[in-house]
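Listed below, chain by chain, are the residues.
Protein chains: 4
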Amino acid sequence: MKGRKKEHLEISINEDVQCSYNYWDDVALVHNALPEIDMKEIDTTWREFGKEMKAPIIIAGMTGGFEEAGIINESLAKIAEKYQIGMGVGSQRAGLEDEKVAKSYSIIADYKIPLKIANVGAPQLLEWKKPIEMAEKAIKMIKADVLAIHLNFLQESIQVEGDRVAKGCLEKIREVSSSLSTPVIVKETGAGISMEVAKKLLETDIAGIDIGGMGGTSFAAIEAYRAKKRGDKIQEELGHIFWDWGIPTPYSLLEVAEICQDAGMVIIATGGIRNGLDVARAIALGADAAGIASSLITSDSAEKKMEVCFRSLKTAMFLTGCKNIKELKDVEVWID
Amino acid sequence: MKGRKKEHLEISINEDVQCSYNYWDDVALVHNALPEIDMKEIDTTWREFGKEMKAPIIIAGMTGGFEEAGIINESLAKIAEKYQIGMGVGSQRAGLEDEKVAKSYSIIADYKIPLKIANVGAPQLLEWKKPIEMAEKAIKMIKADVLAIHLNFLQESIQVEGDRVAKGCLEKIREVSSSLSTPVIVKETGAGISMEVAKKLLETDIAGIDIGGMGGTSFAAIEAYRAKKRGDKIQEELGHIFWDWGIPTPYSLLEVAEICQDAGMVIIATGGIRNGLDVARAIALGADAAGIASSLITSDSAEKKMEVCFRSLKTAMFLTGCKNIKELKDVEVWID
Amino acid sequence: MKGRKKEHLEISINEDVQCSYNYWDDVALVHNALPEIDMKEIDTTWREFGKEMKAPIIIAGMTGGFEEAGIINESLAKIAEKYQIGMGVGSQRAGLEDEKVAKSYSIIADYKIPLKIANVGAPQLLEWKKPIEMAEKAIKMIKADVLAIHLNFLQESIQVEGDRVAKGCLEKIREVSSSLSTPVIVKETGAGISMEVAKKLLETDIAGIDIGGMGGTSFAAIEAYRAKKRGDKIQEELGHIFWDWGIPTPYSLLEVAEICQDAGMVIIATGGIRNGLDVARAIALGADAAGIASSLITSDSAEKKMEVCFRSLKTAMFLTGCKNIKELKDVEVWID
Amino acid sequence: MKGRKKEHLEISINEDVQCSYNYWDDVALVHNALPEIDMKEIDTTWREFGKEMKAPIIIAGMTGGFEEAGIINESLAKIAEKYQIGMGVGSQRAGLEDEKVAKSYSIIADYKIPLKIANVGAPQLLEWKKPIEMAEKAIKMIKADVLAIHLNFLQESIQVEGDRVAKGCLEKIREVSSSLSTPVIVKETGAGISMEVAKKLLETDIAGIDIGGMGGTSFAAIEAYRAKKRGDKIQEELGHIFWDWGIPTPYSLLEVAEICQDAGMVIIATGGIRNGLDVARAIALGADAAGIASSLITSDSAEKKMEVCFRSLKTAMFLTGCKNIKELKDVEVWID
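Heads up: the protein sequence lines correspond to chains B, A, L and P, in order.
Sequential numbering from 169 applies to the first sequence in the working numbering.
Sequential numbering from 169 applies to the second sequence in the working numbering.
Sequential numbering from 169 applies to the third sequence in the working numbering.
Sequential numbering from 169 applies to the fourth sequence in the working numbering.
Don't read these hints as lab results, they were simulated from the structure.
Any given hint might turn out to be false.
You can't tell identical chains apart in this list, so a pair holds if it fits in one copy or across any two.
Unchecked claim - Calculated pairs, BS3-like style, for lysine-lysine (alpha carbon to alpha carbon, straight line, at most 27 Å):
1) 298 with 208
2) 491 with 367
3) 497 with 367
4) 222 with 401
5) 472 with 397
6) 472 with 280
7) 308 with 170
8) 494 with 367
9) 397 with 219
10) 368 with 497
11) 308 with 297
Start from the sequences, fold in the hints, and give me the full structure.
Next up, the structure:
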């Protein structure tokens with residue numbers, strides 16, 4: 169598994185594995201020529217889960233489970249601490265099943281990060297004999313404030329080693345979310361949440377949904393590259409066929425934001441977020457916060473990139489006349 | 169005729185004779201992040217015409233009538249047997265009129281194929297003195313379970329040797345379909361079926377329609393290449409003018425699926441189908457099965473291509489949470 | 169004037185002076201898989217103005233007034249005679265004002281052309297002291313069956329020598345159309361007829377409208393090239409600005425076809441027509457006939473091009489199941 | 169500040185800093201084949217602010233504050249005098265705060281320009297202790313007929329030296345517009361005016377709005393180049409993110425034209441105007457006049473460009489049958 173995870177990371181950094189189109193480009197915030205605020209008074213604070221973050225930007229969980237992943241997680245943790253924003257880790261399965269690699273995740277607990285998000289896969293909850301204990305262990309590993317249960321059946325179904333057992337996931341989500349004291353969110357990993365799925369999730373005890381839609385990194389694309397490297401033409405073609413599978417993040421948001429808000433759910437939008445303008449677009453479409461993933465680790469400097477995110481979020485807020493995140497939610501949006 | 173058929177096949181393998189746009193790219197199945205099924209329990213079985221196939225994928229009839237065609241048909245028959253799916257042959261006119269080439273079709277009868285589809289042209293039914301006997305002979309030739317009567321007036325009208333007599337075809341379809349004990353389907357060959365044509369066909373005794381729409385191989389394009397080779401600039405230009413003539417397969421499906429279903433007709437969608445995701449798209453739009461043609465013979469390995477079709481169909485079913493083909497019909501579709 | 173007309177012709181043959189987009193590509197005729205006619209029984213005959221033509225295709229008036237123009241007109245006249253279709257000539261002003269060049273127009277009278285269309289400009293009717301006599305002289309010059317009065321204010325306003333007096337044109341059209349025994353049509357030359365203009369024309373005694381819309385040769389483009397050659401950057405830029413000015417022919421047809429039909433007007437569609445499929449599209453959108461211009465003289469062989477037009481018109485009629493032009497008018501059309 | 173202003177000008181002349189798409193290309197005026205006017209009787213006179221201009225074209229304020237800016241302003245003033253049209257200057261802050269550079273603005277007062285527009289920034293009105301006196305000084309400096317207060321928060325928020333205090337601007341606009349005898353207009357500088365902002369402005373005493381929308385020069389783009397030159401990757405990326413920020417000029421016009429007209433406001437459309445056809449499009453969409461900026465100074469000859477503007481405006485008026493600017497407002501427009 170280590171080798172696979174490392175391969176995933178390397179491919180996503182070195183190859184073009186982005187979806188064909190980034191749908192955030194279709195979302196325009198309406199300019200306010202008379203913002204009637206001062207830029208310096210803009211407050212990007214995001215309060216949620218009893219925590220206070222300097223911005224509704226989350227460093228999405230990306231990796232873990234091997235030495236280099238620990239190095240990446242530490243460097244991201246430094247940024248999360250410096251900018252006082254939320255941060256997740258990649259699927260903790262490896263760390264839960266092999267204590268030797270747990271450090272590659274738990275390293276982030278050494279940093280003062282206001283919101284740490286643990287991460288286990290829904291398929292693993294099914295496999296593990298004691299899923300609740302494992303979830304608690306994952307939380308403890310990184311001293312997490314929130315647990316994300318991820319749904320990644322696109323990836324599972326494309327990779328040869330994939331875990332294609334999905335029956336019972338909803339029940340496990342229900343069990344885990346009702347048993348833990350830590351808030352639980354459910355997180356898609358690049359194919360989006362439909363209305364129908366949102367409705368099912370609303371009947372559990374989860375506290376939020378990360379819609380993780382299509383538009384950024386394509387896991388099918390990564391699998392296409394992996395298959396190519398090992399000469400497996402069949403799986404390579406499969407990866408190409410599903411390269412753009414999924415609901416684009418902004419369209420997924422449009423589908424589910426209203427019913428989630430009405431139900432008091434936290435909505436995080438991940439998938440294709442490249443900068444603070446995309447974060448602002450997500451929030452104007454109904455998200456509470458947005459997750460940034462590959463844009464961060466593929467830039468020359470992740471720290472500079474985060475600085476760009478903060479400045480571009482503030483600029484978008486200034487140019488739409490929003491003093492705070494709450495006002496940003498009411499900004500007029502034009503969709504192409 | 170042999171030379172012409174061979175030329176057709178060679179051009180369709182060696183030249184770019186695809187329509188300018190494949191309209192299946194406009195059809196998106198809505199992702200189900202919580203499929204709540206296990207991939208291994210997915211059942212792609214298709215039952216129709218009293219037969220059971222492992223998937224609603226048909227190897228569309230493409231060739232016949234000369235030696236190399238027999239080799240191709242045999243290799244496709246092996247795939248159809250291995251995968252237990254339906255298979256058709258190219259127009260059997262040559263084999264019916266010249267026993268020496270009948271083997272290039274009948275070779276498929278040597279294989280255990282669950283659904284074999286004989287193939288005669290509507291214009292030939294008009295020409296032949298005893299069309300019903302000829303149709304029975306065609307069925308017998310390959311031990312067919314179904315007879316397809318094809319409509320190919322685009323090709324007939326573009327090729328110089330074309331048979332441009334269409335008057336009376338409907339009556340012949342009526343006669344043949346009411347006289348034979350074998351079920352009869354009517355099959356377009358790349359230009360699609362309109363609502364008006366579907367209504368006329370519903371008044372005959374046929375059992376199904378293969379809408380064979382625009383989007384895959386363009387017969388006008390093939391004729392453009394043939395004309396170019398013999399220096400006939402007029403026919404070459406004619407081929408270019410009609411290169412993209414016809415109703416795109418998904419739009420043809422949208423037109424006719426509902427009235428055909430209501431009438432109890434089997435609907436097969438051929439035209440631009442490249443893989444199992446396209447098959448799933450066709451079924452979600454109302455087809456019972458989909459036919460794959462040029463994508464199979466232009467790939468490096470037709471067998472590997474079929475494996476890709478099966479895996480991608482299953483993947484699409486898994487990611488939309490469909491345990492069987494019936495459920496796939498109800499999947500939500502977004503059209504661009 | 170001779171030099172200018174020659175320059176026009178040379179530029180339109182040698183340079184790319186087509187509009188940026190040909191809107192006929194947006195018009196799709198719905199395929200009829202069961203045409204239920206025989207191609208050989210298709211009758212493309214067009215009867216109008218008491219004449220019978222073998223097809224509703226008109227060789228649009230393009231040139232005249234200098235020696236080479238006479239050669240071109242003669243070669244086009246041979247095609248019109250051979251194919252028994254209508255033919256026009258370019259603006260006859262030069263021939264009316266200078267008898268020495270009248271032969272470049274009158275040459276077509278030596279051929280048995282079923283419908284010959286004389287051509288004078290609306291601005292000239294204003295300038296001439298005796299416009300009705302001049303119009304009669306133009307008719308006599310080529311033994312015309314119809315007189316076209318052309319409106320070409322786009323060209324007039326872009327070319328430095330342009331005639332920019334438009335006031336009174338409608339009154340002159342009224343006078344001439346009510347005074348002559350020969351039927352009169354009004355013809356735009358590349359910028360189309362709006363609903364408002366059509367309504368004004370319906371109040372005169374003209375017998376038809378050639379909507380001459382945008383999509384084929386751009387007169388503004390020709391003027392851009394002429395200006396460039398003489399180093400006039402201002403007029404060159406003006407030509408570029410108005411390169412795509414005008415109402416696209418199919419959209420102009422959609423605007424005016426119905427009210428013209430109701431008023432018993434003949435509607436001819438010129439502008440961007442490249443072949444018989446475009447002719448069929450125009451007729452399905454409401455035209456009685458279509459004019460072909462630059463596509464004819466820029467092809468290697470105008471005669472072969474006409475053969476392509478006839479074959480492609482018949483093919484389009486066959487594939488939509490139309491036995492005659494009247495039926496073609498009722499074919500279903502999809503517009504992008 | 170001088171260096172920055174010079175840099176702005178140089179970059180906007182030498183680099184590609186245009187928005188990705190010019191939305192005026194989506195606006196089509198409906199051709200009038202029978203204009204029934206004579207081109208020479210077309211009257212492009214624009215009367216506003218008690219002045220008479222030969223056309224509703226304004227040379228938008230672009231520069232000032234350093235020696236070369238004075239040279240440019242003088243050459244533009246010569247054109248404004250020759251063509252008898254309105255002209256503005258760049259932000260006069262530099263000239264107000266440093267008398268040594270005032271001449272680079274006041275030079276235009278030496279020319280007989282029918283409408284001179286002074287220019288101060290809304291943020292400066294906030295900073296200055298005596299904003300009304302400063303505004304009067306700016307008016308006096310160029311003997312202005314109108315004062316424009318510009319809103320340029322896109323630029324301010326992107327450039328590192330930017331003035332990001334926007335609170336109180338509306339109140340200052342109210343104060344200045346009610347205190348001065350000279351009419352005041354408010355002018356966006358490339359990001360457009362929304363309905364909401366227009367409504368706020370209608371409650372002040374201003375006489376007009378220059379909607380200065382997106383589509384022409386992008387100030388964010390200029391800042392991207394400036395940042396690149398000084399090696400500031402963060403600000404460079406910020407410039408790229410906001411390159412196409414703003415409401416496209418024609419869409420901004422569609423938003424606000426009606427309510428502004430009803431309120432008796434003068435509406436000027438600047439942003440992406442390249443020639444007289446764009447001016448005509450703007451007027452047909454509801455503007456009273458249009459401002460041309462970068463197209464003028466990036467052409468080989470600004471004077472020839474203005475000649476093109478006049479001729480193309482007249483041509484557009486001729487081809488839509490408009491004798492004067494009032495009629496142009498009623499021309500039918502098709503938007504893509």
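Right, here's what the structure says about each hint:
Within a single copy, residue 298 and residue 208 get their C-alpha atoms only as close as 50 Å, which misses the 27 Å cut-off; across copies the closest is 24 Å, which meets it. In this homomeric assembly, residue 491 and residue 367 come within 27 Å of each other (Cα to Cα) only across copies, at 21 Å, whereas the closest approach inside a single copy is 33 Å. In this homomeric assembly, residue 497 and residue 367 come within 27 Å of each other (Cα to Cα) both inside a single copy, at 22 Å, and across copies, at 21 Å. In the homo-oligomer, the alpha carbons of residue 222 and residue 401 lie at most 27 Å apart only across protomers (23 Å), although the nearest pairing inside one protomer, at 47 Å, exceeds that limit.
For a Cα distance limit of 27 Å, the shortest separation of residue 472 from residue 397 across copies, 18 Å, qualifies, whereas the shortest one inside one copy, 33 Å, does not. Taking identical chains as interchangeable, the C-alpha atoms of residue 472 and residue 280 lie at most 27 Å apart only when both belong to the same chain, with a minimum of 20 Å there against 52 Å between chains. In the homo-oligomer, the alpha carbons of residue 308 and residue 170 lie at most 27 Å apart inside one protomer (22 Å), although the nearest pairing across protomers, at 58 Å, exceeds that limit. Taking the closest pair of Cα atoms, residue 494 and residue 367 come within 27 Å of each other both inside a single copy (25 Å) and across two copies (23 Å).
Within a single copy, residue 397 and residue 219 get their C-alpha atoms no closer than 44 Å, and across copies no closer than 41 Å, so neither meets the 27 Å cut-off. In this assembly of identical chains, the alpha carbons of residue 368 and residue 497 lie at most 27 Å apart whether taken from the same copy (25 Å) or from different copies (21 Å). Taking CA atoms no more than 27 Å apart as the test, residue 308 paired with residue 297 passes inside one copy only; the shortest distance there is 18 Å, against 59 Å between copies.
Checked against the numbered hints above, the structure violates only hint 9.
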